[in-house]
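Hints in hand, dock the two standalone chains.
If you're matching them up, the sequences are chains A and B in order. Residue numbers for the first sequence follow the working numbering, so the first one is 1 and each next one is one higher. Residue numbers for the second sequence follow the working numbering, so the first one is 367 and each next one is one higher.
By construction, these hints were calculated from the structure, which means they are not laboratory data. Among these hints, one or two may not hold up.
Unchecked claim - To be clear about the criterion: a stretch of chain A counts as covered by chain B if any three or more of its residues have a C-beta under 8 Å from a C-beta of chain B, and this derived list gives those stretches:
#, region
1, 28-35
2, 105-111
3, 154-168
4, 336-347
Small disclaimer: the values here were computed from a predicted structure and weren't measured. Quick reminder that beta carbons are idealized off the backbone N, C-alpha and C, glycines included.
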Amino acid sequence: MNVTDTGARAAEAPRRSFLRRSIAHLEGPQTMGSGGAFWVVIGLAVLAAALYPAFADAWTVGNAAYFMVWTFMAMGLSLIWGYAGALSFGQTAFFGLAGYAYGVLTINIGSAYGFTIIALLLSVGLAGIFALVIGYFMFYGRISGVFVGIVTLSVTLVFETFMAQTAGPQWRIGSARLNGFNGMSGMPPLTIPWPGGELVLYPGPSLYYVLLALVVICYLGLRILLNSGFGNVLVAIRENPHRAEMLGYDIRLYQMLAFGLGGALAGLSGALYTAWGQYITPSSMGLTSAALPIIWVAVGGRRDITATLFGTLLVLTVFQTLTIYGSQYALVAMGALLLVTVLVAPQGLVVLAMKGIGKLVGRGRS
Amino acid sequence: MLFETVFATIYQFGDAFAFLVIACAGLAVIFGMMGVINLAHGEFIMCGAYVTAASARAGLPLPLAILCGALVAGLVGMVVERLVVRHLYHRPLDSIIATWGLSLIATQGVLIVLGSTMAGIGTPLGAIEIGDRSYSLYRLVLMGTSIALLVGLYILFYRTRFGVIARATIQKPQMARALGVDTGRMYGLTFGLGAALAGLAGGLYAPTMTMVPTMGVTFMVESFVTVVVGGPDIFVGAAPAAAILAAIRAALTAWYGQLFGQIGLLIAVIVVIRILPGGLSGWIKGRTR
Chain A
1 MNVTDTGARA AEAPRRSFLR RSIAHLEGPQ TMGSGGAFWV VIGLAVLAAA LYPAFADAWT
61 VGNAAYFMVW TFMAMGLSLI WGYAGALSFG QTAFFGLAGY AYGVLTINIG SAYGFTIIAL
121 LLSVGLAGIF ALVIGYFMFY GRISGVFVGI VTLSVTLVFE TFMAQTAGPQ WRIGSARLNG
181 FNGMSGMPPL TIPWPGGELV LYPGPSLYYV LLALVVICYL GLRILLNSGF GNVLVAIREN
241 PHRAEMLGYD IRLYQMLAFG LGGALAGLSG ALYTAWGQYI TPSSMGLTSA ALPIIWVAVG
301 GRRDITATLF GTLLVLTVFQ TLTIYGSQYA LVAMGALLLV TVLVAPQGLV VLAMKGIGKL
361 VGRGRS
Chain B
367 MLFETVFATI YQFGDAFAFL VIACAGLAVI FGMMGVINLA HGEFIMCGAY VTAASARAGL
427 PLPLAILCGA LVAGLVGMVV ERLVVRHLYH RPLDSIIATW GLSLIATQGV LIVLGSTMAG
487 IGTPLGAIEI GDRSYSLYRL VLMGTSIALL VGLYILFYRT RFGVIARATI QKPQMARALG
547 VDTGRMYGLT FGLGAALAGL AGGLYAPTMT MVPTMGVTFM VESFVTVVVG GPDIFVGAAP
607 AAAILAAIRA ALTAWYGQLF GQIGLLIAVI VVIRILPGGL SGWIKGRTR
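Just chain B, same shape as in the assembly (with noise of 0.2 Å):
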């Protein structure tokens, strides 16, 4: 019995955490790296999620179609960025209305071309029992992969050479041109990266859900909240900041339910921004330092 309640309250908790990370990787990459705050972050989930829905109803294998998903997604961040991001760096806030205008444009194309619904594709992987509750398997393939994208992203950034270069870019833009690197190409493979994770959370939350075109709205609070908690620095305080709002998501959601979870995490990031302005990063490399 007290084994049934533990693991009821880690799958909850794990349920919440992995939505978090997966939910905030792309923001978190394209504001951490480049200070940009992408509104059109829910339509890149939409678009990765249509694409594998489609693929996978095509015939593909839902792993690979997953992947094609990511792909499209992060093409077409690509594209946005050379067209319309590029010319807004110098002004973060404009940054934000102009994907704010192309989240209008997807979301309403998107239903003009595709209609309200489209066909999704079931859960796979079935389900487990416990006790007497049954749980999603696909659910804790999730929180694994919710893992696997924060090592492999931190592998990344600091262990590879793309990496580097990277963050050479962010931290010291002209430094970074001086010694031979192409800089324009850094932010656009970046802004890729970001928009191809936004995709790859579409593409794994989309067995799970209805596909409108209005589904990335699902993700934004969750995946603004966790940013603005992580704070500037989003490798440092991303994943802590995941794991605090996840314990607290989860615990109201099985108290009260799903929309006093969501309210809470509002609660808690007003909160945390008036105690720690600089976010979980923030106070975490305060202390270290």
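Bound-form chain A, shown alone (with noise of 0.2 Å):
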């Protein structure tokens, strides 16, 4: 649909400068938001976060850090079912899953040498196959629609009930104890080797830094992602499966990759929360936990990667105000969120507010 306008700037593309050039990967028909006062508006946001640890308390600072922690997960929902139209309920599974493997990894091997970050990766990897092997069985056997969501639901509900019954001393891989229902704690934080002594990173500013980072590389790498052929890709399978099919992609394989990229980024929040808070615990793969990433999305808006970064950002800090109130009551307000969402505003909050603002900037050059 956009072969002219990519052609288009194809040819134009010499005589742009390399910023323009470098954004112009970062802007396509399948993200919101483009042009310089959108990227300044996004540059800002970023200085303000970067800024933000100099006028905030550590505890404070540890924990923005930790609502940036679950923005991987929301984001590789965001594009399964935002983008690959196929709904997952079960990232919980592949979150916890990176977890424990975190966890088990670190506590035998420990946390010399900068291997945490080895580990985290290693997890990361784990939970990207195990995603892949599920998306496999899936998508190769032409399930859709509702069944995807029943069968990653299922998959993360039994995860939960297996590692929650671990509690037996008999349940060790190596010296990590699994620990059934309490959980694994003790797990080392992130350590980076560092010239002159290491930087052990402990909820607080060297650890927002690092997550900042990490959020901003996702998110502009996504948005390179997703406004490639391959997100386009994925759009057209969400829109009509068969039309795309028609065209002669193999819209299983696509269903697949972009199943395990979500599973991977999900599993990317599952090592860095316990890298984060020390600890793992099988509840963090029961119904309710696998209920709040769909919060996120859909209030956010799912079908745009931005509106989920944000939504998802605000709503966990609506829901830990909330919180502060009762978690029993914050879990009613957030399900009763969903159910107004859904009935109102499917596309979600935060897209309708970013078209709003877009309508009011367009009228007021006009």
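Okay, structure coming up:
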């Protein structure tokens, strides 16, 4: 649909500056927001986020880092659900798998020589491979629609049940006790080997900056991916699988790859979460935990990665504020929020707001 | 000795079969007839169980109490259909999410209002001794109930006027409307029936379980798996799916314990969707056609 557009862009490219050309990769029909004004706003947001630790105490900064930990899982879900059209309820399965893998690896091997980074990568890879396997069975079995949701939800619930019963001393991998319902704890936080002493990333400014950098990298990377041929095919599959197939795309492969990537992103959240709080419990894979990513992404706007990112941070903030008055009430409020969003604004609240701002700005110009 | 072993095996199988059929009936009716996956299924089960326990403790005989539970769950289901699900028929994925929102509200709401547990009711009917093992008589009743349920649903949907109109509404809504069927009312009734069946499941299993707000989750995996393996046509698929899965679960539970029964179910479902994408009903239909 935008062949002429990209063609024109390619012909024009040599005349543009390097900055313009690199931004061109980040913009396209599959993501909202384009043009100088948008990127200035994003840049200012990143700048504000970077300056934030200077004005806040260490606890608040660690808390903000906690929010950012979740955004990867949300962006992965947006990719699978919003862009590829396959609603996964079981992102928490990959989250938990990677979280436990990080714990088992680091407890057994320790944190010397930057091994925590390797453990992080290994756990993310493990989650991604597991997602590919599940995705292979689902998409090559040609199930779609609601069945994807049921299978993924069953996977995460069975994981939770399994981990919750590993209480006995016989459930250990190496020196790591799985510890059943109470979960694992005592794994080392992320440690970066640094000239002149290792940099241990406890929740606080240092971890905050690493996470901020990761969020920005993931966000920009996903924008490039979604506006590439791969992303366009994903959207084509979402809009009409049969048509996409008739056009010659192996939709099973595309869906499986998207699912694998989404699973790996959920795994990244899981491993980072374990490193952040130095614990992980089976309830992080339970029904309630599995519902939360759906709420963030649905409320933000599943079909846009920017809306998902900001929606997630927004909903997490609101959720935590409500939790002060009682976490049970907060969950009721989250359920109601989800219900209202689906009934009243199925596109997502942040998408609505972004479109509204876009219209206002457009009107102001004309 | 042989008789005892055979009976023990059949009992294990029958228990698993009854659980799968009773747990999935409500979900299967709503999904098979309306294409909506009701993620609040577990909460309707919880509702049925709570009402049953409350009315049984208030002095109602257990069968009546169970009917009460089913009835209340059904009424709640009709209200939910009217307020929420009705607006989402053309967006099946969104209807899942909306019912999930409901499920969160219901679980946490019950937790806030009624506390983290409720006094349960004991398992009635005692036990019978065969050989040196004892078997719960109530579970044998449940096995009979599950078969009665299957027969009853078959008669309801294939031998009554309601069933004909309901199936007509599902297959060709416009045509049914043109012939004077109030399709909106039929959808409401069907959803209510599904919710009532979920409530019935809760009521039937209430005497065997601890009453906690999250008790519905116990039923979720089993009922989902049965519906997926059964495939889109639930009347053809659900019973054989439950039978096969029950055999798998009973065998694994007997050899390795409860948990491996559940994991076995999950692996079975993942393999089945790879080999038989249309589920059992798709496969059976393909053969008979």
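Let me make sure I understand: some of the numbered hints might not hold for this structure. Which ones are they, in numerical order? As far as the earlier hints go, 1 and 2 are violated by this structure, in ascending order.
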